Amino acid sequence: MIGGYVQNGCYEEGLDVLLRVLGLDDIVSDTVTFLTALTTISQLQQLEFDRQVHAYAVKNSMASKTIILNALIAMYSKCDSIMLAFKVFEKMLDRDYVS
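Residue numbers for the sequence shown follow the numbering used here, so the first one is 25 and each next one is one higher.
Take these hints with a grain of salt, some might be off.
Claimed, not checked - Ranges between beta-carbon positions, derived for each pair:
hint, residue 1, residue 2, range
1, K115, G28, 25 to 35 Å
2, S85, S123, 15 to 25 Å
3, G28, R119, 24 to 34 Å
4, F110, Q76, 15 to 25 Å
5, D54, V122, 18 to 28 Å
6, L117, G28, 25 to 35 Å
7, M107, N32, 26 to 36 Å
8, R119, S85, 30 to 40 Å
9, K102, A79, 16 to 26 Å
10, C34, V56, 17 to 27 Å
11, K111, I91, 17 to 27 Å
12, D118, R44, 30 to 40 Å
Just so you know, these hints were derived from the structure itself, not from any lab.
Nothing here was measured: the structure is a model prediction, and the numbers come from that model.
Just so you know, even glycine gets a beta-carbon here, dropped at the ideal spot from N, CA and C.
All chains, full assembly: derive it from the sequences and hints.
Below, the structure written as structure tokens:
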């Protein structure tokens with residue numbers, strides 16, 4: 025559902041769905057869902073949302089996955105938060121060509 029909103033340019037609606045999902049303790053996001061969420065957040069270019077989603081990734085042990093970290097770097101970069109993007113890059117243990 026989030027992906028559908030994003031593909032149609034309805035980023036705020038996608039964000040609303042995302043925030044409802046992330047607020048539920050009994051739902052565990054998978055990597056694909058989380059990447060879709062990062063895409064949504066990066067399109068909005070809202071630094072506060074960026075930070076909330078990053079904190080969620082750390083709290084739920086998703087911030088160790090290279091694909092998630094690359095998406096976080098891209099998200100912060102789109103929001104002109106180059107220092108935050110660089111901090112994520114610096115802490116990466118495994119980097120790939122995208123990194």
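Checked hints:
Between K115 and G28 the C-beta distance comes to about 33 Å, which sits within the given range of 25 to 35 Å. Look at S85 against S123: about 19 Å separates their beta carbons, and that is inside 15 to 25 Å. In this structure the hint that G28 and R119 lie 24 to 34 Å apart at CB holds, the actual value being about 32 Å. Distance hint check: the CB atoms of F110 and Q76 are about 20 Å apart, consistent with the given range 15 to 25 Å.
Range check, D54 to V122: about 20 Å between beta-carbon atoms, so the 18 to 28 Å window is met. The beta-carbon spacing between L117 and G28, approximately 34 Å, falls within the hinted interval of 25 to 35 Å. For M107 paired with N32, a C-beta distance near 32 Å keeps the hint of 26 to 36 Å intact. Evaluation of the 30 to 40 Å hint for R119 and S85 yields a failure: the beta carbon distance comes to about 19 Å.
A hinted range of 16 to 26 Å holds for the C-beta pair K102 and A79, which are about 18 Å apart. Checked against the hint of 17 to 27 Å, the C-beta distance between C34 and V56 comes to roughly 19 Å, which is consistent with it. Checked against the hint of 17 to 27 Å, the C-beta distance between K111 and I91 comes to roughly 18 Å, which is consistent with it. About 32 Å separates the C-beta atoms of D118 and R44, a value consistent with the hinted range of 30 to 40 Å.
Hint compliance for this structure: hint 8 alone is broken.
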